[in-house]
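Chemist: Sequence:
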Amino acid sequence: MANTKIIRNKILSIKNTQKITKTMEMVAISKMKKIKIKSLISLPYLNSLKKIISHFFDGQLQYQHIFLKKKPILKKVGIIILSSNRGLCGNLNNYIFNKVVSIIKKYHNKNIVCDLYIFGMKGFLFFNENYHTNIKKFINYNDNITYIKLISLVEKIITCYKRHDIDKLFIVGNKFNNKNESTSYIFQILPLKSEFFKDSEYTTYHYWDYLYEPDSKITLNFVLYRYILFQIFQCILENMICEQSSRMLIMKTATDNSENIIQELQLLYNKIRQYSITQEIMEIVSGASIIN
1 MANTKIIRNK
11 ILSIKNTQKI
21 TKTMEMVAIS
31 KMKKIKIKSL
41 ISLPYLNSLK
51 KIISHFFDGQ
61 LQYQHIFLKK
71 KPILKKVGII
81 ILSSNRGLCG
91 NLNNYIFNKV
101 VSIIKKYHNK
111 NIVCDLYIFG
121 MKGFLFFNEN
131 YHTNIKKFIN
141 YNDNITYIKL
151 ISLVEKIITC
161 YKRHDIDKLF
171 IVGNKFNNKN
181 ESTSYIFQIL
191 PLKSEFFKDS
201 EYTTYHYWDY
211 LYEPDSKITL
221 NFVLYRYILF
231 QIFQCILENM
241 ICEQSSRMLI
251 MKTATDNSEN
261 IIQELQLLYN
271 KIRQYSITQE
281 IMEIVSGASI
291 IN
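Counted from 1, the sequence shown has number 251 at position 251 by our numbering; the numbering is strictly sequential.
Hints listed in this document are in silico derivations from the structure and should not be mistaken for laboratory results. Glycine included, each C-beta is placed from N, C-alpha and C at the ideal position. Don't take every hint at face value.
Pairwise CB distance ranges (calculated) [what the hints assert, rightly or not]:
1. T183 to E129: 21 to 29 Å
2. K271 to E129: 43 to 51 Å
3. S48 to L74: 27 to 35 Å
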């Protein structure tokens, strides 16, 4: 039978690992709650911007902003990839990577180049192996990202669209739902689709336009630019929530599994101890009978 000392060391080792996984689970829960609060705070503002833009589409908009114009010919597409900086979050990143690879192949068959703007180290490491020529920007971020910090990170990407360096911009990430599950998605950031706003609950249809102060160009530029930034910010927060939720569930599973292993090893340890004690008693009894 196995040595009791070896089993005892295994139990101690697994208990130490269990403490780590439990701590990581608690940290993930704490981070997820903080990011959720940040997301809930910014969401009403995003919805208000969407409502304002939907009013723009109510009237007969005379000025056509570059963010609303659909390019007749696609030559280059930009993809913002939201990945994590750390692992231990299951297949969360793989779902995103598979979607991005499918987009790259789809546009490659049409001779359209894809520029990758990657958030997170995991995404950079993956695409740097096979698609390093497509990477235009690696953006390192952390859990403390704010809207102000995001402006400097994303401004160059939006400038590329304004300069016609890219003709369409997508964002790929994970969305969190109420069942503690996440689903990956592809969302078109630019050009903005008027249908997306016209389908909203705020829209009514008219055949007139608003009076803008100071003018429609400045007003539209401010509102649309702010909306795009907040849309990207909200997507980043959603992806971070998914990351922490996935890590929390994985660490919880690891903690529960380690408890099961400890119980099995403890049972085996007790059996070996019982067997060794029985053997000692039998030896004592046998020795006593021989003496008699």
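Chemist: Compare the structure with each hint and give your call.
Modeler: So, going through the hints one by one against the coordinates:
1. T183 to E129: 21 to 29 Å: holds (26 Å)
2. K271 to E129: 43 to 51 Å: Taking Cβ atoms as reference, K271 and E129 lie about 49 Å apart, which means the hint holds.
3. S48 to L74: 27 to 35 Å: holds (32 Å)
In summary, the structure agrees with every hint in the numbered list given earlier.
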